[in-house]
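Chemist: The chain contents come next:
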Amino acid sequence: MILHPPILALVLASLIGCGLIAWASLFAWRLLARWDLASGAESQIALERRTYLVSTVMAFVMAMQIGALVLFVFNADRMAAMFVGAMCAVGTLNASVYGFPALYAKMAMFFAASLWLVADHVDGRGRDYPLTRFKYRLLLAIAPLALVEAGLSLAYFLDLKADTLTSCCGSLFTPNKDGIAAEMASFDAASALGLIAAALLLAGGTGLAAGSGRLPTGVLRVASLAHGAASLFVFGAALIAIVSALSLYVYEHPHHHCPFCILKREYGYVGFALYLPLFAGTALGAGGAMLRTLPLPASLNVALPSIAGGLARASVAAFALFAAVAAAIVWRSGLILIGG
Amino acid sequence: MGAWATRQRYLIDFAALSLWRHGARSLGLWLIYVLVVFVVASVILYGAAIRREANAVLDAAPDVVAQAMRMGRHEMSTGADIEKLRGLRGADRLEGRLWGYLYDTSAAANFTLQVPSGFDPRFRLERGEAIIGEGVARLRKVEAGKMLFLISPARRFLKLKVKQVLPLGSALVSSDLVLVGEADFRAFFDLPAGQYTDIAMRVRNPAEVGKIAEKSLLALPGHRMVTRADMRRTYEAIFSWREGVLVALLSGALLAFAILAFDKAAGLSAGERREIGILKAIGWDTGDVIGMKLWEGAVVSVGAFLAGTVAAYAHVFLFSAPLIEPVIKGWSTLFPRVTLTPTVDALQVATLGFFTVVPYLAAILVPIWRTASADPDRVMR
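Line by line, the protein sequences are chains F and S. Each number in this note's numbering corresponds to the 1-based position in the first sequence with 346 added. Each number in this note's numbering corresponds to the 1-based position in the second sequence with 21 added.
In isolation and in its complexed conformation, chain F is listed as follows (with noise of 0.2 Å):
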């Protein structure tokens, strides 16, 4: 293990919530066991007490969870020159076999406790605890992840040596190669654009039917479950345009595919400006879409759809966002990759 800073804080982190959420659960399995609103006894009113702290525990952990993400790409950037071979992120993920499984799990780790975080503010807004089940449900479902993902960033923490030698970005992401990230770097650079453009188009399209109060609630529920399902199209096809061709422009160099390089300093970090609206408008999407899919409690009948519509609206705006710096680092590249 390599005793740096931000991996002690990572490690620290990773800690405190894999324990915080491992007690929670085990609380989630207690309440879901013998939950029953209508009972006024003892038991029911202590339950009822400790969901306050088990949310706040919850959103506590969440939100250092998404902080997480962030400080473990931009650190993963950072020890770069540790390794011999490395020149970014890549080469320090490549460094330990439990180097990329780690990215996963955390980015999934951000997703899941994003969708909490919102059945969590939703519930909050109703007086008669309406999403209590489904949201212990789904926090006995985010558990494993939680104890997959402390697992697999503490595995690879431990085995991160110094002078490991490692493969740099040139040598993953290029077409002539196996695996996802090749298939990635060889798609073509004028159909990734046009591919992110239409799935922005459609999420843009039904985020605004879906967050539009106007419509009558069947259309608006078919149009915020589309939202989800395009946020995530969205989300697969903003990877794919980002490894073959908007790295290409951030660094005006027709074969370097690398979707971490654009994290650093060299090139204004505009990786963050990228990524940062591209994960926030994905979770916002697939956030409106679940409550969509829950049924509507009568204590949340004006609070829901109001709270749907509002994270389609913000999805929409995130997305745009992305798509504001996309087009400006396509704009004001030197590179010409389409036609010319």
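Take these hints with a grain of salt, some might be off.
Said to hold, decoys possible - The calculated label-pair distances, taken between Cβ atoms and stated as ranges, are:
#1 F:611 with S:347: 26 to 36 Å
#2 S:273 with F:565: 56 to 66 Å
#3 F:560 with S:302: 35 to 45 Å
#4 F:375 with S:82: 37 to 47 Å
#5 S:25 with F:483: 21 to 31 Å
#6 S:142 with F:543: 56 to 66 Å
#7 F:528 with S:38: 52 to 62 Å
#8 F:612 with S:111: 18 to 28 Å
For the record, the hints were derived by calculation from the structure and aren't laboratory data. Yeah, the Cβ is synthetic: ideal placement off N, Cα and C, and Gly gets one too.
Following the hints, complete the assembly by docking chain S onto the known chain F.
Modeler: Structure of chain S alone, referenced to chain F:
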């Protein structure tokens, strides 16, 4: 969204007022919080700044250094070794370097004696001339134009006229430096002609450094090749490690602080307890009280974080971190006096937040809930 934001605004308002009323009670804890942030921030800022300095210094280092080894120990290289490397395509400015250490008994410090590179006309020296570092000048109380006397372990005497004192800006590497001409150096250390401490070279194309080191090793199997990237990694690892060890040691203090914060948050005064009881009696629910108390925690955290970080910034960049410097930088009699270039980046700030704010918030969650979920009639009675 509007209603939510308005509600939060009122909660913040109330939290700030409540802090104002009970401020004195939590002032002690706040000061300790500031102190904790200050110490951790000093370590993190100083570690990053010194790594940056080391990196800047290495920009001027040769791309590849070849050192002769015998039985795992450093040996002198010979002129024949240099000839074997000559003609290596891509390598440039190949030369044997002469440098060594001298323990100076009068100053009780180690000086580095070096012959400046023949490729650098700024440091051309005649016989009997020397250019010295800031630390040497300070310890021996000499300045440009004065004489400097050195005695070798073999009682050989060297009389040097100081041509120039190197500027402070480069003190991190040049503080203990005495640059002398080749003839003086060989005579002083009794070193025969054709022997060198090691061999340095430049590589025209940075992408070829690894290949050229590999080829040099084939030409000189008894040598070890050190590239500039190796040195950079070593410095990075050493300073990160020292910084990490300090932070890890401080984690005990962080834990103690978290326990203190827990304890402090758990023990409410009767007045505060009554206040929360009244709030709940007039219609606040548990969630509102928790929200208000969390905002209180956030205000305290942001204040302590800012105050601690600013103090640490001043400590490190204005006063050169007297409290932690020896631990991270290393120590010796002849210490370089160096003012660090002020730099703070988001990674450091985020790390600092994870180390200080996260444990604090985690510690106060349970006490806050316990306070907020109490029955109004029980607390007001």
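Chemist: Between residue 612 of chain F and residue 111 of chain S, does the beta-carbon spacing fit 18 to 28 Å?
Modeler: holds (25 Å)
Chemist: Taking the Cβ atom of residue 375 of chain F and the Cβ atom of residue 82 of chain S, is their distance within the range 37 to 47 Å?
Modeler: Given about 60 Å between the Cβ atoms, the range is violated.
Chemist: Does the Cβ pair residue 25 of chain S, residue 483 of chain F satisfy 21 to 31 Å?
Modeler: Since residue 25 of chain S and residue 483 of chain F have Cβ atoms about 25 Å apart, the given range 21 to 31 Å holds.
Chemist: The hint says 35 to 45 Å between residue 560 of chain F and residue 302 of chain S; measuring C-beta to C-beta, is that right?
Modeler: holds (42 Å)
Chemist: For the pair residue 528 of chain F and residue 38 of chain S, does the Cβ-Cβ distance stay inside 52 to 62 Å?
Modeler: Holds: the Cβ-Cβ distance is about 60 Å, inside 52 to 62 Å.
Chemist: Measuring from beta carbon to beta carbon, are residue 273 of chain S and residue 565 of chain F in 56 to 66 Å?
Modeler: holds (60 Å)
Chemist: Check the following: the C-beta atoms of residue 611 of chain F and residue 347 of chain S are separated by a distance inside 26 to 36 Å.
Modeler: holds (30 Å)
Chemist: Within 56 to 66 Å: is that where the Cβ-Cβ distance between residue 142 of chain S and residue 543 of chain F falls?
Modeler: 58 Å Cβ-Cβ, so the 56 to 66 Å window holds.
Checked against the numbered hints above, the structure violates only hint 4.
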